[in-house]
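Residue strings, one per chain:
2 protein chains.
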Amino acid sequence: MTGSHVTSVRVVGTGLVGTSVGLALTGHGIDVTLADPSPSAVALARDLGAGRIDPDAGCDLVVVAAPPDVVADVVAAELAAHPDAVVTDVASVKSLPLQRLHTLGVDLSRYVGGHPLAGRERSGAVAARADLFTGRPWVLTPTAETSPAALEQVRATAQLLGATVSVMDAREHDEAVAIISHVPQVAASLVAARLRTASEQAVGLAGQGVRDVTRIAASDPHLWTQILAGNAGAVARALHALRDDLDAVLAAVDALGARPDDALGARATVAGFVAAGNEGHARIPGKHGSAPTVYVAVPVIVPDRPGELARLLRDVGDAGVNLEDLRIEHSEGRPVGLAEIDVLPAAAQTLVTALRQQGWSVHA
Amino acid sequence: MTGSHVTSVRVVGTGLVGTSVGLALTGHGIDVTLADPSPSAVALARDLGAGRIDPDAGCDLVVVAAPPDVVADVVAAELAAHPDAVVTDVASVKSLPLQRLHTLGVDLSRYVGGHPLAGRERSGAVAARADLFTGRPWVLTPTAETSPAALEQVRATAQLLGATVSVMDAREHDEAVAIISHVPQVAASLVAARLRTASEQAVGLAGQGVRDVTRIAASDPHLWTQILAGNAGAVARALHALRDDLDAVLAAVDALGARPDDALGARATVAGFVAAGNEGHARIPGKHGSAPTVYVAVPVIVPDRPGELARLLRDVGDAGVNLEDLRIEHSEGRPVGLAEIDVLPAAAQTLVTALRQQGWSVHA
Chain A
221 MTGSHVTSVR
231 VVGTGLVGTS
241 VGLALTGHGI
251 DVTLADPSPS
261 AVALARDLGA
271 GRIDPDAGCD
281 LVVVAAPPDV
291 VADVVAAELA
301 AHPDAVVTDV
311 ASVKSLPLQR
321 LHTLGVDLSR
331 YVGGHPLAGR
341 ERSGAVAARA
351 DLFTGRPWVL
361 TPTAETSPAA
371 LEQVRATAQL
381 LGATVSVMDA
391 REHDEAVAII
401 SHVPQVAASL
411 VAARLRTASE
421 QAVGLAGQGV
431 RDVTRIAASD
441 PHLWTQILAG
451 NAGAVARALH
461 ALRDDLDAVL
471 AAVDALGARP
481 DDALGARATV
491 AGFVAAGNEG
501 HARIPGKHGS
511 APTVYVAVPV
521 IVPDRPGELA
531 RLLRDVGDAG
541 VNLEDLRIEH
551 SEGRPVGLAE
561 IDVLPAAAQT
571 LVTALRQQGW
581 SVHA
Chain B
221 MTGSHVTSVR
231 VVGTGLVGTS
241 VGLALTGHGI
251 DVTLADPSPS
261 AVALARDLGA
271 GRIDPDAGCD
281 LVVVAAPPDV
291 VADVVAAELA
301 AHPDAVVTDV
311 ASVKSLPLQR
321 LHTLGVDLSR
331 YVGGHPLAGR
341 ERSGAVAARA
351 DLFTGRPWVL
361 TPTAETSPAA
371 LEQVRATAQL
381 LGATVSVMDA
391 REHDEAVAII
401 SHVPQVAASL
411 VAARLRTASE
421 QAVGLAGQGV
431 RDVTRIAASD
441 PHLWTQILAG
451 NAGAVARALH
461 ALRDDLDAVL
471 AAVDALGARP
481 DDALGARATV
491 AGFVAAGNEG
501 HARIPGKHGS
511 APTVYVAVPV
521 IVPDRPGELA
531 RLLRDVGDAG
541 VNLEDLRIEH
551 SEGRPVGLAE
561 IDVLPAAAQT
571 LVTALRQQGW
581 SVHA
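Residue numbers (the working numbering), protein chains in the order written: chain A, 221 to 584; chain B, 221 to 584.
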């Protein structure tokens with residue numbers, strides 16, 4: 221162990237995250253060696269420039285990028301094989317692997333659990349990018365046994381990759397990702413599953429709302445089974461709470477269905493429920509992790525031809541206004557789109573005036 | 221009644237939808253008169269150019285744009301007051317108002333239920349736009365009593381406003397919007413409500429997934445209480461089905477929490493559930509109501525400075541490639557963004573090459 225500045229890193233598991241770690245560290249001049257149970261996978265990662273293959277090379281740090289199901293056993297093996305190295309992992313669940321390491325009786329002073337929140341819907345080394353972690357959260361989950369030097373070494377490495385490091389205990393982490401990631405995934409799948417038996421006419425009415433709610437329902441069942449199984453305790457707690465809310469809404473909606481004009485308590489329940497959603501939604505931080513900012517949306521009609529959106533955004537840039545966010549709204553059956561440009565309130569009038577001068581149909 | 225070409229229209233209710241109808245019809249040279257229980261609301265709509273105020277004017281068509289709770293009574297009053305006019309409405313629920321009209325014993329030959337799917341999160345006349353209905357679905361729900369001439373008149377008017385008209389019965393409509401709109405709204409609120417009690421650290425981990433799932437959770441509780449109450453039967457049926465799915469997943473997750481390594485049936489349940497979401501998600505039509513197209517996403521790093529996104533999209537346009545969709549991915553804590561440009565698969569390589577030549581960091 222050489223303190224917080226690593227010079228050689230061993231990456232075990234060359235999927236999306238492991239290969240991205242290799243690419244990024246290699247780019248910083250660090251000697252990276254690669255390992256994977258699949259010889260073709262490790263060769264691909266090497267050919268992509270993520271590192272070299274040398275099973276006997278020494279290392280300061282081992283990054284285990286194995287699936288949640290096997291990560292603890294791989295960590296234990298690496299701790300044993302590299303008695304002077306710090307070992308970290310990148311699995312998206314933390315408590316269960318830690319329990320397994322305790323069961324294995326491993327000395328955990330050199331182990332630092334980690335989770336970069338940088339997955340993609342695509343997987344594998346071909347999807348890897350050296351900047352995968354840039355600006356992303358990277359959670360570290362040290363225990364009381366973790367040596368401060370080991371923690372600092374992993375923290376420095378994650379920061380070198382551009383990540384924003386935070387420290388939680390494993391259970392806090394798992395509760396957090398259950399609410400912020402795993403429950404939204406389940407909800408998206410639940411809503412999307414209802415569409416299977418909907419009529420063609422019904423799905424033809426789909427607008428931006430249902431598209432947004434169900435976007436992540438397109439994710440990989442195999443990966444998500446591992447994640448939900450690996451965080452079953454925290455996911456179950458959050459889902460039970462969600463079901464309690466659902467039961468309350470459902471009872472209210474049932475009451476309204478039975479007696480539409482005579483269910484004032486039920487109306488109050490529904491209104492309170494939607495308001496609770498408002499309140500939770502407002503807690504999501506804005507761009508770049510800052511406090512939520514209320515942007516003004518400037519809607520502009522955009523003909524569906526190559527270059528029109530570019531022309532619009534060039535005109536936005538020419539107006540000296542920074543675009544904070546952009547949504548494109550699709551319409552059914554007509555070749556015209558609506559772009560909604562989010563800007564700071566102080567910039568909205570400037571933008572509207574400038575775009576109208578350029579002939580845009582602005583609906584602010 | 222003058223057949224399918226209206227020359228004078230009375231709009232009753234000058235909120236977002238009624239005022240937009242007035243603006244659009246006025247733009248087509250039709251004589252529009254406006255009415256609203258609120259004198260200030262109707263004056264605002266008039267001043268915005270949506271029509272004139274003349275309670276005694278005759279009309280070919282009455283468009284009732286009143287809230288779901290009162291729409292049937294207003295329709296009945298308008299049918300009585302204008303014995304030669306066709307009457308339609310724009311309420312987002314259809315069965316309950318129709319039941320109420322039956323209860324009132326009204327002759328329904330001149331009534332055509334309607335629902336333009338063109339609401340916005342913003343409301344009121346100030347948010348109105350003449351092109352609100354352009355390219356949007358507009359569902360008509362005639363009954364056996366509806367005269368063919370009345371249906372054609374309302375259809376022609378909706379088409380004049382640029383909408384894509386489809387015809388369903390009221391119950392079909394309500395089942396469709398329950399699945400495509402009302403249940404997604406409930407799910408978004410359920411997920412967002414879980415965020416209320418999450419730790420600051422947890423909400424700091426929020427990524428694009430939870431943002432998309434919960435976007436519509438920011439909607440107005442009062443409006444949504446009326447909608448959910450007005451479609452309580454269909455919403456309850458869809459929510460019960462969703463809860464059955466949730467219970468099955470929850471039982472599986474509970475089993476996995478209790479015996480992580482010994483719950484193969486539970487794993488199969490979870491995997492089947494995520495796969496069902498894949499299947500339902502795939503049924504959502506693509507852009508412009510066409511069959512779903514699988515686009516290729518081209519990810520490009522975009523510095524967070526005014527004009528950078530415009531420069532990127534100009535370069536996309538210069539490459540002769542039509543952008544099908546665009547997502548901007550926000551990162552926490554770092555001033556760099558990732559734009560994902562969706563293009564047809566045949567155009568992807570052209571685009572990647574062209575953007576790299578312009579110096580963009582493309583991660584395809």
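Please note that the accuracy of each hint is not assured.
Simulated coverage check for chain B against chain A, where a stretch passes if three residues somewhere in it have a Cβ under 8 Å from a Cβ of chain A [claimed, not checked]:
#	region
1	298-306
2	395-404
3	407-416
4	426-432
5	452-461
6	493-501
7	564-575
Calculated directly from the structure, the hints in this document are not laboratory data. Built from N, CA and C at the ideal position, the CB exists for glycine as well.
Here is what the structure says about each hint:
1. 298-306: With 0 residues in contact (Cβ-Cβ under 8 Å with chain A), the coverage given for the region 298-306 of chain B is violated.
2. 395-404: holds (count 8)
3. 407-416: holds (count 10)
4. 426-432: This one holds; 6 residues, not fewer than the three required, reach chain A with a Cβ under 8 Å.
5. 452-461: holds (count 8)
6. 493-501: holds (count 9)
7. 564-575: violated (count 0)
Checked against the numbered hints given earlier, this structure breaks hints 1, 7; the rest are met.
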